[in-house]
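Visitor: Here are the chains, one letter per residue:
Protein chains: 2
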Amino acid sequence: MDFQKTYQEKVLYINEGLNSIIRQRESHPTVLRAMEYSLQAGGKRLRPVLFLSAYEFACIDNCSIQELDQVRPMACALEMIHTYSLIHDDLPAMDNDDYRRGKPTNHKVFGEAIAILAGDGLLNLAYEVMLENVPLETEKLNRYIKAMLIISRSAGVSGMIGGQTADMENQGSNGNFSELEYIHTHKTEALITASLKSGVIAKREDTELLNAVAKYGKALGMAFQITDDILDLTGDLQELGKMPGSDKKMSKLTYPARYGLEMSKKMSRQYIEQAVSCLEPYGKKGEFLKLLALSILDRSR
Amino acid sequence: MDFQKTYQEKVLYINEGLNSIIRQRESHPTVLRAMEYSLQAGGKRLRPVLFLSAYEFACIDNCSIQELDQVRPMACALEMIHTYSLIHDDLPAMDNDDYRRGKPTNHKVFGEAIAILAGDGLLNLAYEVMLENVPLETEKLNRYIKAMLIISRSAGVSGMIGGQTADMENQGSNGNFSELEYIHTHKTEALITASLKSGVIAKREDTELLNAVAKYGKALGMAFQITDDILDLTGDLQELGKMPGSDKKMSKLTYPARYGLEMSKKMSRQYIEQAVSCLEPYGKKGEFLKLLALSILDRSR
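Sequences listed follow chains A and B, in order.
Residue numbers for the first sequence follow our numbering, beginning at 1389 and rising by one.
Residue numbers for the second sequence follow our numbering, beginning at 1389 and rising by one.
Derived from the structure by calculation, the hints contain no laboratory data.
You may find that some hints are simply not true.
Subject to a maximum C-alpha distance of 25 Å in a straight line, what follows is the list of computed PhoX-like cross-link-like pairs (lysine-lysine) [unchecked claim]:
1) A:LYS1528 to B:LYS1528
2) A:LYS1673 to A:LYS1496
3) B:LYS1673 to B:LYS1603
4) A:LYS1534 to B:LYS1603
5) A:LYS1496 to A:LYS1528
6) A:LYS1534 to B:LYS1673
7) A:LYS1528 to B:LYS1603
Listed next, with one range per pair, are the computed distances between beta-carbon atoms [said to hold, decoys possible]:
8) B:LEU1685 to A:ARG1421: 37 to 45 Å
9) B:PRO1492 to A:ILE1453: 52 to 60 Å
10) A:PRO1669 to B:GLU1520: 28 to 36 Å
11) A:LYS1672 to B:GLN1412: 38 to 46 Å
12) B:GLN1412 to A:MET1389: 54 to 62 Å
We put the beta carbon where it would ideally sit given N, CA and C, even for glycine.
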């Protein structure tokens, strides 16, 4: 399998979905333009790719494109939730970042008021789009609603928003390991794991598979966030697309600050090994998710 | 019917629902406290009351309390969406208000970062709570999802968020009637009408009833917003619970600014008469909604 090619195909498929969602929407043009700006700033699309890969992972044979088309809106909703969280996190009252994905942040272009509204708009649109695309068959519908619930909880105050709150509260403090872990599991890992679990459950109810992707997601999410912390320390603006050193500027609690750079790299590798081992029982079926986990170690943005 | 007593009973029923939602939630304590602060600042609960009244309006006989208990979370979700929009609207980057419902605004107490997160948290929690309480029976479930979709669209960029964007963009401009109407229909009326329509559809599919409450809601929403504009001009801090004159301070496009105070009062009365007339065919069944519309004219907050 050519991992890069397969990943890029999925990204194109997601981008096509996102474009058509935005294009079809009737709204005040300013807020729509601001939403589109951040959505199309060229992210990695990690969460929707994980969703689609988990869906395919749960297919007994190959999935038809018609089947994937039916759940693509849910994959796009995950990217909208992720993007809204970035817009709000970048605000002056939060992380006060000027660059994101190599471009000026939303509020730098549209002003704070519109950036807040664009974030609100993307979060709400994620739910609108999922609700507009519920399947008709009762059994599918029930699984779809379970998937929506998993996503909504991971995005909410018991997940991502809880993590961001802890992150805000810990600025300038030395913090301890349990706070750092709370931030990482809630802020990043929750939505990553939810992307995988909702992908599986949108296809079928299978406790064993759900547990496997949940464990994989937990390890992947931790590795991803540690790498994020490392890149903030070692990356450059061009490669990273955002200003490095912002964690240090904000005296944030990070892995490298707590454990040093080498130890953090080692921890990240260990988490990736853990993620890969969760897929071993599934052989060929888990190949893409395995390669995806390994690719985290080569992240430069 | 003792209108005030009946209204207050519904408010207590909603408050009880909101309290149990917040109390059950596992989250970072700071963001939960900020959400609770604004939720419990003593609003009128207009939207959930409209939802419950529309649900009862759609009942052939009287509704059982068990039935109402099943849809109460959706009524509470409407209040959470409304409250999140107030928290974000009050932010310094938006309307920059220091008081709301007689208390310091959310960001004045918790800071801007937490206020943004509390707003995000309430919006997301509205969907979590609705998804946690979907009914099991297929037919009910299908209507429930339609109700959720109506709510989500009215809250989103084609509804409330679109209206707030227009409101932000029109500050300091003289504006014309169509802009003023766009702001009012989207910012306020959309969620009010959605509360009524979702209430009916949660009970049954009935095009005639849906049209009746939609027309009623449109007129009520306009009257409500015009009264809001009037109160901003004539009310006092104690009665209003927020600083009057803020529209003028922000050079906002309002009905009194455009048509003068007397003409605005007349327009508001006309909208209420229109709302009341939509309920005439329903006699006794529409009494509460009729009295509710008339009460808007006596609003002092």
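Visitor: Determine for every hint whether it applies to the structure shown.
Guide: So, going through the hints one by one against the coordinates:
{"no.": "1", "hint": "A:LYS1528 to B:LYS1528", "in the structure": "holds (16 Å)"}
{"no.": "2", "hint": "A:LYS1673 to A:LYS1496", "in the structure": "violated (44 Å)"}
{"no.": "3", "hint": "B:LYS1673 to B:LYS1603", "in the structure": "holds (17 Å)"}
{"no.": "4", "hint": "A:LYS1534 to B:LYS1603", "in the structure": "violated (35 Å)"}
{"no.": "5", "hint": "A:LYS1496 to A:LYS1528", "in the structure": "violated (43 Å)"}
{"no.": "6", "hint": "A:LYS1534 to B:LYS1673", "in the structure": "violated (37 Å)"}
{"no.": "7", "hint": "A:LYS1528 to B:LYS1603", "in the structure": "violated (35 Å)"}
{"no.": "8", "hint": "B:LEU1685 to A:ARG1421: 37 to 45 Å", "in the structure": "holds (40 Å)"}
{"no.": "9", "hint": "B:PRO1492 to A:ILE1453: 52 to 60 Å", "in the structure": "holds (54 Å)"}
{"no.": "10", "hint": "A:PRO1669 to B:GLU1520: 28 to 36 Å", "in the structure": "holds (32 Å)"}
{"no.": "11", "hint": "A:LYS1672 to B:GLN1412: 38 to 46 Å", "in the structure": "holds (43 Å)"}
{"no.": "12", "hint": "B:GLN1412 to A:MET1389: 54 to 62 Å", "in the structure": "violated (45 Å)"}
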